[in-house]
Amino acid sequence: QKEVEQNSGPLSVPEGAIASLNCTYSDRGSQSFFWYRQYSGKSPELIMFIYSNGDKEDGRFTAQLNKASQYVSLLIRDSQPSDSATYLCAVNRIIKTSYDKVIFGPGTSLSVIP
Amino acid sequence: KAGVTQTPRYLIKTRGQQVTLSCSPISGHRSVSWYQQTPGQGLQFLFEYFSETQRNKGNFPGRFSGRQFSNSRSEMNVSTLELGDSALYLCASSEFDRNYGYTFGSGTRLTVV
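Protein sequences appear in the order of chains A and B.
Residue numbers for the first sequence follow the numbering used here, beginning at 420 and rising by one.
Residue numbers for the second sequence follow the numbering used here, beginning at 776 and rising by one.
Just chain B, with the same shape it has in the complex (with noise of 0.2 Å):
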C-alpha cells in the first residue's frame, strides 16, 4: 500500500497570505488527521476527519480550516498567516478504530516570513 501522502513539502509564504496544504491517506483509510509541531509546543491536534465530517477539533483559531473529500483526501487551510505559524503541519491516517495508532506523512514544512 502506497504511505500517507502530503503536499507540499516545502513552502514559504509572507504573512497575511494564506495557504493550503494537502493529504491523502493510505487507501482504505477513511480518518485524516491534522497536527502542528514546533519545538516548542511539540505535536499539537488540530482537527480531525472521517467521511467528510469534522469530528473533532483542537484549540487554534478560526484561521485554522479543513475539510475531506469522498475519496478521504483532505486539505487544510490557513488565512491570514502570522510568523508564530511556521510549523512542521502532520497529516495522520488511521482505520476507524484508531486504537491501533496513526501512520504519518511526511509532512509540510511551512516558514512564514
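Isolated chain A, as found in the complex (with noise of 0.2 Å):
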C-alpha cells in the first residue's frame, strides 16, 4: 500500500462544474495535509493545507479531512479552464518529535472543459 494515493485521473469536468480530487494517506500519525496544484512545465505550488477535520473553506477551493477514515479530499467550485493542472495531495508524516517529514501523493490531473 503506497503511504499517499490519489486517482490519477484525467479527470474532466465541465467549466462551471463541481471538480472533486480525492486521497487518501496509510499512517494514522499524519498531522497536516496540503494540496498543491502544478501547471505542466511549472513548480507545485501550495493552495490548500488543513490540520483538523471538517472543512476549511479559501474562494472557490474547499479541503475536507477525515482522519477517521484517513481521507482528505479538494473541491473546486465553478470550475475554470485555468484550473486545468495536477493536484498533488501531501501528507505530513511525524518521524521523530522534532522533525517530520512531507510525503506527495502521485497526482490527480484535472482537465476544465470550456
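You may find that some hints are simply not true.
[To be verified] Computed list of lysine-lysine pairs in PhoX-like fashion (alpha-carbon distance at most 25 Å, straight line):
#1 520(A) x 486(A)
#2 788(B) x 461(A)
#3 421(A) x 832(B)
#4 486(A) x 475(A)
#5 832(B) x 520(A)
#6 486(A) x 421(A)
#7 520(A) x 461(A)
#8 520(A) x 475(A)
#9 421(A) x 520(A)
[As the list claims (entries may be wrong)] Covered by chain B, per the in silico footprint, the following chain A stretches (three or more residues, Cβ under 8 Å):
#10 424–438
#11 520–533
Hints were generated in silico from the structure; no laboratory data involved.
Please read these numbers as outputs of a predicted model, since none were measured by experiment.
C-beta atoms are modelled at their ideal positions from N, C-alpha and C, and glycine is treated no differently.
Quick one: dock chain against chain with the hints and give me the complex.
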C-alpha cells in the first residue's frame, strides 16, 4: 500500500461544475495535509492546507479532512479552464518529535472543458 | 520577498559525470528540502536541511548528497550519473514549522545522456 494515494485521472469536468479530488493516506499519525497545484512545465504551488477534521474554505476551494477514514479531499467550485492542472496531495508524517517528513501523492490530472 | 531560486534551470550531462545543483531559499526560511520528480515516480523526497544539518533523508543511494551553508543556501550533488537520474529536481523552502507548507523553486531539469 502506498503511503499517499490519489486517483490518477485524468478527471474532466465542464466549466462551471464542481471538481472533486480525493486522497487517502496510510499513516494514522499524520498531522497536516496539503494540496498543491502544478501546471504543466511548472513547479508545484501550495493552494490549501488543513489540520483539523472538517472543512476549510478559501475562495472557490474547499479542503475536507476525515482522519478516522484517513481521507482528504479538495473541491473546486465553479471550475475554470485555468484550473486545469495536476493536483498533488501531500501528507506531513511524524518521524520524530522534532521533525517530520512530507510525502506526496502521485497527483490527479484535472481538465476543465470550456 | 524574492522566491526560491534554483540554478541552473537546465543541465545536460553524460553518464558517469557528477553534477551540483544550487538552491537559495526565501529570506528567513531555514529549512530546505530537495525532491526528485519523474513522470513514473512522481515527487520523491531526497533530503531536508535545517541550520546546516541534514534532518531527514529519503531512500536514495549515497550518490545523492547535499549540504546547507550558514546563509541557508543549499547544494545538491549527484555523482556517477546514471540515465535514470534524468528528472526535474525541485528545491522547497519553508519556515521552521513546516506545517504551513512549502514554497518550491522553478526546478533544475537534468538530462543524462
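Consistency of the hints with the structure:
1. Of the pairs offered as hints, the one joining residue 520(A) and residue 486(A) holds, with about 18 Å between alpha carbons and a cut-off of 25 Å not exceeded.
2. Of the pairs offered as hints, the one joining residue 788(B) and residue 461(A) holds, with about 22 Å between alpha carbons and a cut-off of 25 Å not exceeded.
3. A threshold of 25 Å between alpha carbons decides the hint, and for residue 421(A) with residue 832(B) the separation of about 18 Å falls inside it, so the pair holds.
4. A C-alpha spacing of about 14 Å is found between residue 486(A) and residue 475(A), which places the hinted pair at or below 25 Å, so the restraint holds.
5. At roughly 9 Å between alpha-carbon atoms, residue 832(B) and residue 520(A) fall within 25 Å of each other, so this suggested pair holds.
6. The suggested pairing of residue 486(A) with residue 421(A) holds, with an alpha-carbon distance near 17 Å, which does not exceed 25 Å.
7. Distance hint between residue 520(A) and residue 461(A) is fulfilled; the C-alpha atoms sit about 23 Å from each other, no more than 25 Å.
8. Under the criterion of a C-alpha separation no larger than 25 Å, the hint pairing residue 520(A) with residue 475(A) is consistent with the structure, at around 23 Å.
9. Distance check on the hinted pair: residue 421(A) and residue 520(A) sit about 15 Å apart at the alpha-carbon level, within 25 Å; holds.
10. Requiring three or more residues with a Cβ within less than 8 Å of a Cβ of chain B, the coverage given for the region 424–438 of chain A is violated, as only 0 such residues are present.
11. Remark: the region 520–533 of chain A is confirmed as covered by chain B, as 7 of its residues place a Cβ nearer than 8 Å to a Cβ of that chain, reaching the required three.
In terms of the numbered hints stated before, the structure departs from hint 10 and from no other.
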